[in-house]
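Here the structure of chain A is known, so what remains is to put chain B in place on it, guided by the hints.
In order, the protein sequence lines correspond to chains A and B.
For reference, each letter of the first sequence is one residue, going 7 to 648 in my numbering.
For reference, each letter of the second sequence is one residue, going 4 to 483 in my numbering.
Just to be clear, a hint being listed does not mean it is correct.
[To be verified] Computed spacing ranges between beta-carbons, pair by pair:
1) ALA468/B x ARG606/A: 49 to 55 Å
2) ARG606/A x PRO483/B: 44 to 50 Å
3) ALA468/B x LEU598/A: 44 to 50 Å
4) PRO600/A x ALA472/B: 54 to 60 Å
5) GLY592/A x LEU161/B: 50 to 56 Å
6) VAL607/A x ALA472/B: 35 to 41 Å
7) VAL607/A x VAL21/B: 51 to 57 Å
8) PRO600/A x LEU462/B: 32 to 38 Å
9) PRO600/A x ILE17/B: 34 to 40 Å
10) VAL607/A x TRP43/B: 42 to 48 Å
The hints are simulated quantities; they were obtained by calculation from the structure and are not laboratory data.
Each residue gets a CB set at the ideal place from its N, CA and C atoms; glycine is no exception.
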Amino acid sequence: MLYALVVFLPLAGALGAGLFGRWLGDRAAMLLTATLVSTAAVLSMVVFTLVGIGGETVTVPLFTWIQADGFIAEWSLRVDQLTAVMLVVVTVVSSVVHWYSIGYMHGDKGIPRFFAYLSLFTFAMLALVTSDNFLQMFFGWEGVGVCSYLLIGFWHDRPSANAAAIKAFIVNRVGDFGFALGIVGVFFVFESISFGTVFDDAPSMVGTSLEFLGGHFDTLTVLTVLLFIGAMGKSAQIGLHTWLPDAMEGPTPVSALIHAATMVTAGVFMVARLSPLFEYSDFTLGLVTLVGAATALMAATIGLVQNDIKRVVAYSTCSQLGYMFFACGVSAYSAGIFHLFTHAFFKALLFLGAGSVIHALSGEQDLRRMGGLRKTIPITYVMMWIGSLALAGMPVFAGFFSKDAILESAWAAHTVTGNIAFVAGLVAAVLTAFYSWRLLFLAFHGKPRASHDVMHHAHESPPIMTVPLAVLAFGAIFAGIFGEVVFREEGGEFWGESILVLASHLHHGEMPVWVLVLPTAAGLVGIATAWWFYIYNPALPARLAANLPGLYRFFLNKWYFDELYDAVLVRPARTIGWVLWRVGDGQIIDRLGPNGVAARVVDLARRATRLQTGYVYHYAFVMLIGLVAIATWFLWAVGLQP
Amino acid sequence: MNTFPDLAPAVPEIFLAVSAMGLLLLSVSGGDRRMPLVCWLAVLALTVTGVLVVTSPSDNAITFSGMFVADGFSVFIDVLILIGGALTLVMSPQYLKRENAPRGEFPVLIVLATLGMLMMVAAGDFLSLYVGLELQSLALYVLAAFRRDSIRSTEAGLKYFVLGALASGILLYGSTLVYGFTGSTNFTAIANSIAANEAGPPLGVIFGMAFIAAGLAFKVAAVPFHMWTPDVYEGSPTAVTAFFSVAPKIAAVALLTRVMMAPFAGLAGDWSQIMMVLAVASMVLGAFAAIGQRNIKRLMAYSSIANVGYVLMGIAAGTVSGVRGVLVYLAIYLAMSIGAWAVILTMRRGAGLVKDIGDLSGLARRQPLMAAAMAIFLFSLAGIPPLAGFFGKFYVFLAAIDAGMYTVAIIGVLATVVGTYYYLRVVKIMYFDEPAAAFETPPRAASAVAFVTALFTLLFFAFPAPIVAMAQTAAMALFP
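Extracted from the complex, chain A is given alone in its bound form (with noise of 0.2 Å):
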């Protein structure tokens, strides 16, 4: 019941607001939506007591979804300490985002939609994390999808807010179908999609192949490789990223809760779920961990230099994701979860932060046009440094331990793969500093450049905005100190068997000082680099940028992925549409269906018209004729009997 509850809670407040909201009002609306989640939210902080330090765990079956003959998808709450976990980040950021769009909303025409699709959103990502088997993951998996989507097209009447939740759904696409792929093939494979009996199984595959297309492939690599494009999707990584910067259209409140805290990071609660399954793969393993410190570093290197307040965290999104799935490569999950946690925090405080920027100026994203705010929104300023702190991991914070933990299990890993994300980290580690001062001096900092009129209205937000800041600042601080001593107790057996480490994957030993001290470091190289380019010499960045214009471009044109997607898929696709459009349905199909039916008709009907001639004597003669016809058509049937 109490489980139920918390994933249930959602969905009653986004129907009571989505389908009675016209009638509730926005108030109403919005107070009920946030009320049921926020008590989902402490209902969730009770699951996590009993599940996380109590070390219960549970399934709950609620019903039979579907069956038929051998398949059958039950409709159950597995709920263990991963679950438990994300129940927390995804009940409690919601929870805080619900609130703060209160304020941020304030005035907009779709009020009791909006908060109709954030529940919607938070009931489909509780679904997903609570799944029991694949198929129940995937209606989760498709239900974040569809919300982000809406979300994402929230301000219908913008095109580009179009263009980007349509980008977002279409590149999600690619993503989904590895996934249904990989959920297809697990069924073929173990006959069931439950996860109990496919990872009990999983073990008795290991060596086994399948044969497709003439070749011979390793079933769990083909399994876990299909099911891990699916994550790179949800999960925005290299390749399939383009989405999320242009998700950033939708109201900032949607990015804290969607494209930061949760459903970015379902790839990666995905990856650990199934890691009974990953961890027989060590092809995929090393492929997730390429990805993984790929992302990390490509996203970080675009952050350097985007303009948009709101896609440098995006970017920051993308590259903290990076090390998320690196973290699960080497198979620190527990440790790529525990990021997850962090991240959630700070990230959803800088969303949320940035987004009261956003506020203040009216409406304003460009970083070129801040400035001097610091005394003008203290307390979004001090937030901000608190989320960035955390961001770039130093002491005490909340990213301090997470990354130090991903970082120290890529080193201790001692794969080639591994050491590849260790250096990779690194270097993001100095750009995520770097550009998370370089948006607090450009904003905060210098003299306005915003234009007087602008400046002259900007404010601090209110209370029902800086309130939930404050509460994501606590987590921001203090979520670190509190995963360590939680999850990272004794070895990490706060996750008793929802995550499978093979005891081969398990690094054991000391670590050498300066692999503790060096993240830290980068990040303070990061901050002081950022403080001599933006502080102490602001003329610097556009010499450099000047110096290496190849570089600078390729950066800021976010290495021209969209460029070459467009040249590779977009447009062929389209001329192969118009081709199919134009040749396919226009000459073929219309000309020789309805259109061409309808003209023989017309043929026919002008013909049958012309047999009319009026005269009685042509008349007498059909009816003769006919006679006849009939008369021979015996003759030559029956045969000439006497």
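Showing chain B alone in chain A's frame:
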């Protein structure tokens, strides 16, 4: 041997014949002023005849040496014919007055034609068949040319007469062939003779049957014996056309059914081929040719040809369920068709009744009730559920499928699709085009007929059982 024939089974026909003569005397003595009175009296006569038909013994009563048969089949058809005639007469007085042709012989001719139809439906012999057929035909020729001052009307009458005479000749020639090869003109005797011939029927009988079928196909206006229909429908006075499209058609279909089922039962394999060919040709030509029409009367003419195609499909099945389908179809067709004509009869401007389909544009805004009634009839004719027309088609198609006539049924369905186009085009013109000039106030009688038939068409789906059951009983009478 020559005992006086039993008159009891023929009482309705005798009553109607006497009434017709009485009405003739009345109208001759009273002049045209008496026309409305004669009309209403004729309606009364038809009604009384209907009551007599229903109450008289109809248990396969044979009289006049087997020339006259009154059975369940003839009762069902008689009632339909009488309803068709009566409804036409109800609409006539106002129509004739507005057309400035208030002549008293009109109702008399209608009654005589109806009498001829009852005779031919009750025929048990080719001689009585021919007498009944000619009685109705001669009356109809005169009715078609009723507007003596109109060139179109006289042309219609003449065309109908010439071609009708040709058809009668073909029919008679067929009868003589059959007589020559079987030695009888009596239906039962012919059937026995064919059944007795173990080597199969002689070609002469088959030829005779084919000629008879062709002659009757002219009466039902089946392709390729349909050519007269559009011209005669267009040229005749509209009230006469309304009558043409129901009563004689129903009678001819009934006659065709009886002739095929009774004397030629043994040749079922042969005539069902003819019927299939005629059915397919009628359905297809009716559907396609109607598309090109701009005149509403010609459109309805082709519509009636298409409808005959569906009926012939039921006959071709040659089974009880086929005949039942035919009878249900006729009953529903009577309502739809007379209703549609009633609506057309109400559409009058200063220059006369509407001719062009385009003249109906915007009718929905001028006269929403009339437009709604017309839309119901057109949708029903197109066979759109839940209107009555759908059920008519449904039973016929059901019988065709049961009889394994898949090709014919599929062609029929496709023809329905084409047909839907021209029915809906009229609906579109009525509802979505800019309104044309206003119409005169619709006459009350025609409006009432349109209203009642529309109601029947609309609500048939709720109470189909009585009519279907009666049709079943009537069909059983043909299959002893």
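Hint by hint, here is what the structure shows:
For the pair ALA468/B and ARG606/A, the supplied restraint of 49 to 55 Å is violated, since their beta-carbon distance comes to about 42 Å. At roughly 47 Å, the beta carbons of ARG606/A and PRO483/B sit within the given window of 44 to 50 Å. The beta-carbon spacing between ALA468/B and LEU598/A, approximately 46 Å, falls within the hinted interval of 44 to 50 Å. A hinted range of 54 to 60 Å for the beta carbons of PRO600/A and ALA472/B is inconsistent with their spacing of about 43 Å.
The hint said 50 to 56 Å for the Cβ distance between GLY592/A and LEU161/B, and at roughly 52 Å that hint holds. The hint said 35 to 41 Å for the Cβ distance between VAL607/A and ALA472/B, and at roughly 39 Å that hint holds. The hint said 51 to 57 Å for the Cβ distance between VAL607/A and VAL21/B, and at roughly 52 Å that hint holds. A C-beta distance of roughly 35 Å is found between PRO600/A and LEU462/B, which places it inside the suggested range of 32 to 38 Å.
Taking 34 to 40 Å as the suggested C-beta distance range, the pair PRO600/A and ILE17/B does not conform, at roughly 59 Å. The given range of 42 to 48 Å is respected by VAL607/A and TRP43/B, whose C-beta atoms sit roughly 46 Å from each other.
Taken one by one, the earlier hints fail for this structure at numbers 1, 4, 9, listed in ascending order.
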